[in-house]
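Peer 1: Sequence:
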Amino acid sequence: MEILNVPRGYGKSTRLIMKAAETGYSIIVGTESMKQYLRDLAKKITNKEIKIYSAYEFASIDVMKRDKNILIDDLPLVLSIMLNTNVEMATMTSGSLEEYGIEQYKNRLK
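With the sequence shown counted from 1, adding 1 to any position gets you the working numbering.
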């Protein structure tokens with residue numbers, strides 16, 4: 002799993018939509034309003050059908066019928082909804098930060 006952690010307005014959702022269009026993976030978002038926003042955005046930038054679920058919808062799908070690979074938009078919100086608790090801190094190691102050009106974002110913030 003990779004984490005794309007850049008500031009608001011740097012195209013995270015757009016990159017996720019493009020990844021979904023390329024791979025056929027579904028996208029999980031926190032709420033129904035976020036689902037509609039992402040669906041509208043996806044229609045503007047790709048002509049491919051992208052499955053988008055709210056966290057509640059995805060949680061209600063039988064475990065055996067869930068997609069084997071997914072993408073998540075706004076991970077903290079999705080985790081909070083699916084776990085029914087506030088996630089205060091989490092860790093992980095991501096090996097592809099360079100692939101996403103993170104250094105250019107860091108330089109912009111200086």
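Rather than coming from a laboratory, the hints here were simulated on the basis of the structure.
All C-beta atoms, glycine included, are put in the ideal place defined by N, C-alpha and C.
Incorrect hints may have been included.
[Claimed, not checked] Restricting the straight-line Cα-Cα distance to at most 20 Å, the calculated cross-link-like pairs of lysine to any residue (SDA-like) are:
hint, residue 1, residue 2
1, Lys13, Lys66
2, Lys44, Ala60
3, Lys20, Ile73
4, Lys20, Ile46
5, Lys69, Asn87
6, Lys44, Thr24
7, Lys52, Leu72
8, Lys36, Leu78
9, Lys49, Asp63
10, Lys66, Tyr54
[As the list claims (entries may be wrong)] Listed next, with one range per pair, are the computed distances between beta-carbon atoms:
hint, residue 1, residue 2, range
11, Gly10, Ser34, 15 to 23 Å
12, Asn87, Met19, 28 to 36 Å
13, Asp68, Asn48, 28 to 36 Å
14, Met65, Lys44, 27 to 35 Å
15, Tyr38, Val88, 16 to 24 Å
Peer 1: None of the hints should be skipped; say for each whether it holds.
Peer 2: Taking the hints in turn, this is what the structure says about them:
1. Only pairs whose Cα atoms come within 20 Å are accepted, and lysine 13 paired with lysine 66 is rejected, the gap being roughly 27 Å.
2. Proposed proximity of lysine 44 and alanine 60 is contradicted: the alpha carbons are some 25 Å apart, above 20 Å.
3. With a C-alpha separation of about 11 Å, the suggested pairing of lysine 20 with isoleucine 73 holds against the 20 Å cut-off.
4. In summary, the hint linking lysine 20 to isoleucine 46 is supported, as the alpha carbons are separated by about 12 Å, within the 20 Å threshold.
5. Restraint check for lysine 69 and asparagine 87: not satisfied, since their Cα atoms lie roughly 26 Å apart, outside the 20 Å limit.
6. As the CA atoms of lysine 44 and threonine 24 are separated by approximately 17 Å, the hinted pair is consistent with the 20 Å bound.
7. Between lysine 52 and leucine 72 the CA atoms are separated by roughly 10 Å; this keeps the pair inside 20 Å, and the hint holds.
8. A threshold of 20 Å between alpha carbons decides the hint, and for lysine 36 with leucine 78 the separation of about 13 Å falls inside it, so the pair holds.
9. Restraint check for lysine 49 and aspartate 63: the C-alpha separation of about 25 Å exceeds 20 Å, so the hint is violated.
10. A distance of roughly 14 Å separates the Cα atoms of lysine 66 and tyrosine 54; the hinted pair therefore holds under the 20 Å criterion.
11. About 18 Å separates the C-beta atoms of glycine 10 and serine 34, a value consistent with the hinted range of 15 to 23 Å.
12. A hinted range of 28 to 36 Å holds for the C-beta pair asparagine 87 and methionine 19, which are about 31 Å apart.
13. Hint check: aspartate 68 to asparagine 48, Cβ distance near 21 Å, so the stated range 28 to 36 Å is violated.
14. For the hinted restraint 27 to 35 Å between methionine 65 and lysine 44, the CB-CB distance of approximately 31 Å keeps it satisfied.
15. About 22 Å separates the C-beta atoms of tyrosine 38 and valine 88, a value consistent with the hinted range of 16 to 24 Å.
In this structure, the hints that do not hold are numbers 1, 2, 5, 9 and 13, in rising order.
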